[in-house]
Structures are given as structure tokens and as C-alpha cells.
Amino acid sequence: MSDNNIMKGGLGTGLLILSVIVLVASFGFVMYNLMSHGHASFNVSSSLPWGQPISTYLYFALASSGLGLIASLPLVFGFKEYYGLAKRAIFLAFIILVSGMAVLALELGHTFRMLWAIPFNMQIQSAMFWMGVFYAADLLFLLWKFQKMESGDWDSKATRTIGIASFLGVLLASGNLALIFGMMSMRPFWFDGLLPIYFYLTAVTSGLAALVFFTYLAYGFSRGAMPENLQRALTNGLPKLFAAALGLTILFIAARAITGLYSNNPEIHYVWTNYLFASPIYVASVVLGLLVPFALMMSASLRVNPAIQILVSILTFGGLFAERYFFVVGGQVVPLFKGTWAWDMIQYTPSITEWALTIMGSALLFTLYVLGERFFNLSATPEQPSMAESPERAGQATA
Amino acid sequence: MAKWGMVIDLDKCTGCQACTTACSMENNTLPGESWQDVLFYHEGEYPSAQMKWLPRPCMQCEKPSCVYVCPTRATYKDEEAGGIVFVDWNKCIGCKYCMIACPYGVRFYADEQPLVEPDIRDVYPGENGQMWSPPYQNPEQDWRRGIGIQPKGVVSKCTFCHHKVSKAPDGVADLDEDDPDLVEYVPACVRTCPPKARFFGDLDNPESNVNRLIGDKHGVRLLDHTGNRPQVYYLGAGAGIPAFSPRKS
Ligand code: SF4
Ligand code: SF4
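Line by line, the protein sequences are chains A and B. If you read the first sequence in the working numbering, its first letter stands for residue 16, the second for the next number, and so on. If you read the second sequence in the working numbering, its first letter stands for residue 2, the second for the next number, and so on.
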């Protein structure tokens, strides 16, 4: 069965080479600009300090959390029909988080200083301190869990304990990430105690998009080429879950939008009327990136159609990327404490360097993905570990 | 130790920006990196429209949200230094979370696009780790308190001229620029203010002039609802910021 994984063949090599080229080029471009112009090569400013690099990091980190949550369905809650997806989900969660962290590292003023300054100063009042703690733990547990699966140990007591720890780690990491924004009472557009719920929902939605897309990609976008259990997961439970996650995401955005539009508070109201809904890109991202995918996934016949599944995952990718961007920027477009001195909302569009950083993160993701598909059997399940894996293992040993 | 406070009388302030200029000369800040600034607003509409202005340093909050969010303790409130909030440039990682969390918008990440061309950082390239090195700069430097010209990748802000006020004699109630013995210790913005609209003194000292002014002339703190509790008080009519509203045209 693993022979059908095209990432192990010539196409995989092609994608790998392409990803590495893009990765090296975008990294080189970003580094060159950072060295020569510093962060002046970004379009962020002191009045709008967090731009697309932060929203890209957020997007990746939450997609990772979403994948972690999806993987816990079989691994923690015993939904055995998703077993075939679990290992790929764990692997993707790991590499997406790594890619996100790489983007964040280049956004900071002093990346290496962070490595000692955060642990040694123990500022436990800061949500960003906890972000470091929880995402480091998350990364570690993902790696550990993957290593257990790799050694064929899916069900021992230790593995299950790691699974539960990892699940909690994901909940804490992404919930705390939400609170980095949600606890900022001086930024009313973000200030929301329920923001963790919103992050969980959108995390699962983007995780599903990633899982569906990369699973199809591994098998050349042909479901027939997939192992039996993957086909079953993609035709039964997963599409319904996808529809539900999309629906709940839309519901949450609608609730936030209605509250914001209703409120007289200019720091919320104008964000919705004059920034979000005034932007054709935002409107398109909601319609094409969330509403259309939801409508498609609600149809019992369409949601099992492979072409529709791929389309929906790509649309959702784009939709949620935009959602994260507008969420991060939207919290800052009304200048703080400037009142009527500010002529208008703060204008921000990402610079070429900031785009290159987003591209770099994506290229790193694709590079690690192809490597993962080539070196591991990401479709492995506990039921048939030895038989299915042995030919490939033998092949690897000689390669 | 004193608890330094500033009082700004809006009935006297003429909006001349001398404080802003003095601050940038004292602290060698870049164009746009206005640790101290005067904001100008319009309020209301014809026939009762008003023109207003408000000088704005860092409020050195009693409950500084910038300090609580900083993951490295680079931003800290130093009660020993009169409650001034400092940024330790040796610790700051440039995450900019403090800039998100400060309700008063008074923090600066100078590693950004220049406000005016030519970029003064290109004209006077930095030496000794500084972001730029002008032909003359204030010799006072203390990177652990964010005093001097900052290196790249860190956040800067008003220090209440700690390099001056820290040298004042112990127990002094007010730093008044009219007192020849104290004039050298007065923050640059206070010292320079032509109509004497700014006052600086010890909020913990019941005898201080700043306390008397706050009590007698109805001193208020801005954005009180945020709970940050500034150590900067405003006197006079119109202490407040008209809410943001996008212009029609
Ligand atoms: S005004 Fe802003 S920077 Fe100054 S102490 Fe308060 S929160 Fe911190
Ligand atoms: S930018 Fe520096 S001072 Fe501000 S929160 Fe981050 S580490 Fe602290």
C-alpha cells in the first residue's frame, strides 16, 4: 500500500527540490533584508507592531494545535475509525509548529536572547511566558508520541498517558495563545474571555484542512490509491467533522461580528464597518473560505467527493489564513490614545519581506512534509504494523 | 524613596511642543520616536467645535500593563527609582507585546521605517551597538534602564529623565526648575516648558506641590477605566481624548 505514496517517488523528489529552492531563496531574501535594513523592511510600525509575520505564526501554531486535537480523537478518545489519520496528523502538527516558530524567530528583535531571557526571568504573569512553556511542551509531547508510534507502540499505558498529556498540552497552548489577545482589555476588538473557544474551533478547522490536503497530496490526489482505512475515514466521519467545525467557526465569527456591529464602542464598531467589512479580501475570505466550504460539506453527496474535499481544504486554508491576518491586524487598526488626532485607521499592508517570511514558513512546511512522507510510513496504523511496513522498511534500508 | 509624579496643567499648556523637542534632544530619540509628544484633536462640530491638545509622556503607571505582559521582565517598574517603568535593553527580545498592552501608545520600536527622509540612521550609522550615533549625544547611558541610544531590536520609552531625577537630593518634595539648586535634576520636558504647565514631584510626600495641585485643582488621570493608574495627572479643562472617528473624506 505504501507504494502508492507518490511522495516516495519522482514527484516527491520534484516537490522536495522545489520546496527547498523556495525555502532557501525566501530565507536568503528575508535574511538579506533583515541584515541590511533591519525590521524597517517590515511594514509594521510602533502604532501597529504586530503584522503578517505574527498572523502567519498564529496560523501555523493553531493549525498544529488543530491537528493535535484531531489526532487525540483516536489516541485519547478511542475513535478507532480515525486511526489511519493519527500518525500523519501528529507528524503534520509537529512540522507545522516548527515552521511557525521559524517565522516567529525572524520576527523578533532578538531571537537568541529569548532562549535565556524567558526561562531565566520566570515572568509568570505574562501570557507570552506561558506560550513558550506550553508550546515547548506541546512540541516535546508531539515528538515523543510520534516516536512511540514509529516504534509500533500505539496502545501501551505509557503511550496513552503521553497522548493525554499531549492533548492537554495542545489545549493549554492554543487556549493560552488566544488569551495573549483575549486578555488585552485595552484592545476591545480582542478582549474576550471566550476567545480560546474560537481558537479551538478555528484550530480544528485549519487542522482538518491541512490533514485532508496533505493526505490527498501523499497519494497524488487520488483517493483510490489510499489504504483502505484512510479511504474509510475520508468518506465517513471526517467530512462530517469538517462540516461541523466549519459551521461552528462561522457561528463564532457571526457572533463576534454582530456584537461588534451592534456596539457603539468605536474601537470595535469601526473595525467591523470600516476595516473588515470594508475590505473585499476579508469579505471574499469569509464567503469563499468559510461559507462556500461549509455549504459544500453540508451536502451528503458532495462532501465525500474527492475533488470537493480537496477544493474545500484549499479554500479553507486561504480563508483561515485571511481570518488570522484580519484578526491580528484588526485589533490594532484603531490607534490607541490618539482619538481624533488620528486621521484614519492605521494603514497596513505586508511588505515583500513579510510575504517572503510567510512563503518561507510554507516552504519549510512542504520540505519537512515530503521528507516525512519519504522516511516514515505516515499512514501506519496499529492493526497491521509489521506486514504493511516491512517492504517499505526494507526499501528504506537499501536506499 | 519618592514616588515621582508629573502634573500637567492643560489650562496653561499652549501646545508649543517645546517639551517634545527638549525630550528628543535630551534622549537622542529619532524622528517619530516621541517619548513625549503633544497630541492635537478636534472635538465636536460647528458651531461648537473645539481645538484641543494634550501633552503625553509615559504615564509610569502604578499598575503598568506593559510590565505584566513582558515575558522577560525587560520591562519593569522600579519602586526604588520612584516607580519609574524602565526597559532593560539587555533583556528585551523585541516581541512588542508591551506595545500591544500599553493603553497610552507611548512605547516605540525604533527598528522600523523612518518617519522622514533621509533616514538619520543612515546619515549617522550606529557605533558600539547603538542603532545610530549622532555627532553629539547625551553622555548619560544605562542600557539596563533604557537610557541612551538604543540598540536594534528593542523597545524604548520615556524614563522620566531618570538620569537627572535620580541625582536629586534625598527627600526633596518637588523638582522645580525655578529653584537654582534643583534645576539640573528636573526632567527636560518640565524644565523647558515656557508657560510652566508641567510640575514634577513626590506623590508620596504630603507636602509636595504636585500633591497640592492635584488636590486643589481637581487633577485627573486619563483612561482611568483601564485601571493602569498613571503617575501623571492632568489639571484644567478638557483633560480627555475625544473618541476616534474615521474622517468622511
Ligand atoms: S503608559 Fe504605557 S508604557 Fe508607560 S507605564 Fe503605563 S502601560 Fe507602561
Ligand atoms: S518588546 Fe521587550 S520590553 Fe516589550 S514585552 Fe517584549 S521583551 Fe518585554
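If you are wondering where the hints come from, they were derived from the structure by calculation, not from laboratory data. Beta carbons: idealized from backbone N, C-alpha and C, even for Gly. A hint or two may mislead.
As the list claims (entries may be wrong) - Per the computed footprint, the stretches of chain B lying under chain A, defined by three or more beta-carbons under 8 Å from a beta-carbon of chain A, are:
{"no.": "1", "segment": "100-109"}
{"no.": "2", "segment": "208-219"}
Said to hold, decoys possible - Straight line, CA to CA, 25 Å or less: simulated BS3-like cross-link-like pairs of lysine-lysine:
{"no.": "3", "chain 1": "B", "residue 1": "78", "chain 2": "B", "residue 2": "64"}
{"no.": "4", "chain 1": "B", "residue 1": "197", "chain 2": "B", "residue 2": "168"}
{"no.": "5", "chain 1": "B", "residue 1": "13", "chain 2": "A", "residue 2": "353"}
{"no.": "6", "chain 1": "B", "residue 1": "78", "chain 2": "B", "residue 2": "4"}
{"no.": "7", "chain 1": "A", "residue 1": "353", "chain 2": "B", "residue 2": "64"}
{"no.": "8", "chain 1": "B", "residue 1": "13", "chain 2": "B", "residue 2": "218"}
Outcome of the hint check:
1. 100-109: holds (count 10)
2. 208-219: violated (count 0)
3. 78(B) to 64(B): Status holds; Cα separation ~9 Å.
4. 197(B) to 168(B): holds (22 Å)
5. 13(B) to 353(A): holds (21 Å)
6. 78(B) to 4(B): Distance of about 11 Å is within 25 Å: holds.
7. 353(A) to 64(B): holds (21 Å)
8. 13(B) to 218(B): holds (13 Å)
Hint check: a violation occurs at hint 2 only; the rest are consistent with the structure.
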